[in-house]
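Chemist: Listed here are the chains, written in short residue letters.
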Amino acid sequence: MAEPLLVVERVSRRFGGLLAVDGASLSAPAARITALIGPNGAGKTTLFAIISGFLKPSTGRIRYGGEDVTGKKPHLLARRGMARTFQIVQPFAGLTVRDNIAVGAYLRHRARTDALMAADAVGKEVGLDDLLDRPAYALTVAARKRLELARALATDPKLLLLDEVLAGLNPSEIRDIVPVIRSFCARGIAIVMIEHVMQAVMSLAEHVFVLAEGRIIAEGSPTAVANNAAVIEAYLGHGAAAKVGSAHAG
Amino acid sequence: MLSPLILATAIINGLLNGAVYALVALGLTLIYGVLHIINFAHGALLSAALFAAFFAYQKLGLDPYLAAFAIAPASFALGYALQRFIIGPASAGDDRNMLLVTLGLAVLIENALLYAFRADTRTLDLAYAFKTINFGFALLAVPRVISFVAVFVVAVALWLLMTLTDTGKAIRAVAREKLGAELAGIDVAHIYAIAFGLGTACVAVAACLLIPTYYVNPSAGNAFVLIAFTIVVLGGMGSVPGALVGGLFIGVVESLGGFFFGESLGQLGIFVIFIVVLLLRPRGLFGASA
Amino acid sequence: MKAFWPIAVVVAAFATVPLFVHSNVVLNFLVVTLMIALAGAGWNILGGYGGQYSFGHAAFFGTGAYVTAILQVRYGVNAWLGFAAGVAGGAAVGAVIGALAFRAGLRSSYFALVTLAFAEVLRILASVAPITGAGVGILIKLDLRAEAFQFQSRAVFYLAILALVAVALVLTRLLERSRFGAWLIAVRENEDAAMALGVDATTVKLGAIVFSAAVTAAAGCFYAQYFLFIDAGIAYGTWISIEALLTPIIGGVGTIFGALLGALVVKSLGEAARLVTGDAPGLDLMVYGAVLILVIRFAPRGLVGALADAHGYLVRRFIAAPKSTAEAAHG
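If you read the sequences in order, they're chains G, P and D. Heads up: the first sequence runs through residues 10 to 259, numbered per my numbering. Heads up: the second sequence runs through residues 633 to 922, numbered per my numbering. Heads up: the third sequence runs through residues 1025 to 1355, numbered per my numbering.
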């Protein structure tokens, strides 16, 4: 079987005395949705930063598209089709929505008219078409999340790293944005998503990795992982698995 | 050709000068440590204090060392007001705007001095300015020795302020974690202004210590402030021991550099160190991340 | 080319000035103003569009001035070639400073500091090096021929500097509409987000500083030709670093006409102050310092920004109404 699109091999990252990521390994196949979950502070965003080139790992390798890309700068990875969104949305505040998306589009289109047209198309796809002329700072949180998605999508990625893209959205906004994410997958884009919204993880992800205290403690299908004792303990504390088990049994 | 005695004297003079540099740098690093801004107006404030000390002697006959007791509090008040009513409101926390506002103040103050007092260089003629103390193997200028002692007194006073008083604790809290301090009920704008005032007061004391052996003109402070920047960058932005150690070090470098290469190139050497440190290790020897 | 009409109109309007202004005093004022506008237009590329605030643009201005002066005076090079060499020299200095500063990842205050330091280093070197005339400076021989880029009539100098400013405006407009410009602005707004979208931030900033330095160096070359005398304090002094940054900040950072508008305002204020209180040293810079503070406090996007805000306010208040409830909700 061919190597998955993204392979993270025993990556560790130390910050002084703190081991933020400890020998984490995961993989993400092309055109599939993979989730990375875990309690707060587990090191998920740090792992994303390492994968996308913003941080160098202390040990370990990152393989993307069959190539070792460990330590490569973010813009080079973006050019190879790896796009990422940020946990705290970072729009180009002073620019319009269209111009925001265009920055991503310019990666694949040199000419201004082409980039703007591509930006319009992506904006429509993500549901921002009536906001294209708005300044980014005037958008609601939900709209900003879509803008993050649109910008990343405009770079024509093969792999999309989504960092808590659903955080801060209310249930109806989540319900609206999930199909958009699913549609990326249908286009052939692989997605790795860090998420806390469990219902979305369950419905979207085909494979789930669980990170706790920097270590991968479980992986598998969403239901398997949800019933995993170690995972329950990581979220709810020591002894919780037994309690949950007995509650189910009783 | 080069006697170790002469070298030793150059080094000691460097240390003595360095103490005053350290004081100027201390003010700068205090402001940076608390407000996280680089105070480009530092040099102009030094020039203003020099003029104040000059006129205190000329018009009121006040010896600079005595005048310091009046000029320092006045400078504190000025610094407080500047931060509270001009810099703070104008910059609204935006890094780049703060840079511009302090630059604007620097230009305004320096040129106000130029406009009011012209560019002529003045000096004070003090009786003890050229007296020396016999230090065994070297003759040291009295004002320089007094400066050295005074700077350490000031440093200790500041340290006591920071560790023992409530205000000092509040300052350290804001420096470390502004949001948390705010949530704990500390009036951050007030603390910022106090920190700025203290930094300005340091500079004022330095001016009074300098004036017996230095000159007064509107751009006199500039030469100092670039040295102070070098020290702060070398010793680490926001680090008090860094400012002190760095000041002494730079004083010695300047003394030796001037000794071997002449004054202009000595200055150049300091700038080169500055650039090199900025490029290679902006957090300096003791400081936190840039 | 719809996008260039405003520039064409403005430049044409300026070009007509010598037709009805014959006073040398006024023409001189306008020449100096346009020269400062050119220096500011250069700063604006790095600072306004790129968001990297340099406090040492004198390094580029002075290099342009000295290169052209030295080539003419010591090596007999033609003034126009000297001009081109001066621009190239300024660009080269920009490349060096940029390579060092941006590779080291310097941002914001640290970047401002390092540019200040470089300018000072150059000033000190120029004040002691024999080739720059050390403390005495360099005097370009009076040679009122077009081939020597010197003109009898001030009006011709005026048109020359206007042409240079026009070129700078056009280049800035091209920048705004190019991929490089979009990337540069993205880096200004949020460097990390830009990198995640494939923007090579370091290279983009380097390109910006080289471009910026070249334009400001051109202003320096012009200074040398117009005043025929430079020394370290003139060429590399803080006055030009300040004026180069002041004009776009006041006029409107990151806008085409910001530097031009700012230069007109700043220089006019300086003249007005001088008329009111007499020609005392320090007065104009004092006014500039005060204006800078006031602008940052009350109109941080400069005059262009303030005018745009006023325009937007008037439009919203008296003309437009929300198109739909959806728009009102989003807006």
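If you are wondering where the hints come from, they were derived from the structure by calculation, not from laboratory data. Heads up, some of the hints might be wrong.
Unchecked claim - Ranges of calculated distance between the beta carbons of each label pair, as one might list FRET restraints:
no.	chain 1	residue 1	chain 2	residue 2	range
1	P	S635	D	N1102	21 to 31 Å
2	D	A1037	P	D726	26 to 36 Å
3	D	Y1337	G	V189	55 to 65 Å
4	G	G50	P	F767	53 to 63 Å
5	P	D727	G	S230	20 to 30 Å
6	P	T753	D	G1302	57 to 67 Å
7	D	G1302	G	D139	29 to 39 Å
8	P	L698	G	G50	56 to 66 Å
9	P	T753	D	D1303	41 to 51 Å
As the list claims (entries may be wrong) - With the C-beta cut set under 7 Å, the calculated list includes, among others, these residues of chain P facing chain D:
no.	residue
10	I644
11	A722
12	R728
13	V733
14	V739
15	N743
16	A744
17	L746
18	A807
19	L811
20	F906
21	L910
No residue lacks a Cβ here, since even glycine has one placed at the ideal position from N, Cα and C.
Chemist: Each of the hints needs a verdict: does it hold here or not?
Modeler: For each hint, the structure was consulted:
1. In this structure, S635/P and N1102/D break the distance hint of 21 to 31 Å, their C-beta atoms being roughly 55 Å apart.
2. Taking 26 to 36 Å as the suggested C-beta distance range, the pair A1037/D and D726/P conforms, at roughly 35 Å.
3. Between Y1337/D and V189/G, the C-beta spacing of about 36 Å breaks the proposed range 55 to 65 Å.
4. Restraint check, G50/G to F767/P: a C-beta distance of roughly 58 Å satisfies the suggested window 53 to 63 Å.
5. The supplied range of 20 to 30 Å is broken by D727/P and S230/G, whose beta-carbon atoms lie about 47 Å from each other.
6. Between T753/P and G1302/D the C-beta distance comes to about 23 Å, which lies outside the given range of 57 to 67 Å.
7. Separation of G1302/D from D139/G is about 60 Å and departs from the stated range, judged on CB atoms against 29 to 39 Å.
8. Take L698/P and G50/G: their Cβ atoms lie about 58 Å apart, and the range 56 to 66 Å holds.
9. For T753/P and D1303/D, the hinted distance range of 41 to 51 Å is not satisfied, since their beta carbons lie about 21 Å from each other.
10. A cut of 7 Å between beta carbons decides the hint on I644/P: the least distance to chain D is about 26 Å, and the hint is violated.
11. Annotation: A722/P was flagged as interfacial toward chain D, and the flag holds, the nearest CB pair being 4 Å apart, inside 7 Å.
12. Checking R728/P against chain D by beta carbon gives a least distance of about 6 Å; that is within 7 Å, so the hint holds.
13. Hint status for V733/P relative to chain D: holds, with the closest Cβ pair at about 5 Å, below 7 Å.
14. With its C-beta approaching chain D no nearer than about 3 Å, V739/P sits inside the 7 Å limit, and its interface hint holds.
15. Annotation: N743/P was flagged as interfacial toward chain D, and the flag holds, the nearest CB pair being 4 Å apart, inside 7 Å.
16. Restraint check, A744/P versus chain D: the minimum CB separation of about 5 Å is within 7 Å; hint holds.
17. Proximity of L746/P to chain D holds as hinted, the smallest CB-CB distance being about 3 Å (cut-off 7 Å).
18. For the restraint placing A807/P at the interface with chain D, the shortest Cβ-Cβ distance is roughly 16 Å, beyond the 7 Å limit, so the hint is violated.
19. Using the Cβ-Cβ criterion of 7 Å, the hint placing L811/P at the interface with chain D is not satisfied: the shortest such distance is roughly 20 Å.
20. A hinted interface residue such as F906/P counts as satisfied when its beta carbon comes closer than 7 Å to some beta carbon of chain D; here the least separation is about 5 Å, so the hint holds.
21. The criterion of a C-beta within 7 Å of any C-beta in chain D is met by L910/P, whose closest approach is roughly 5 Å, and the hint holds.
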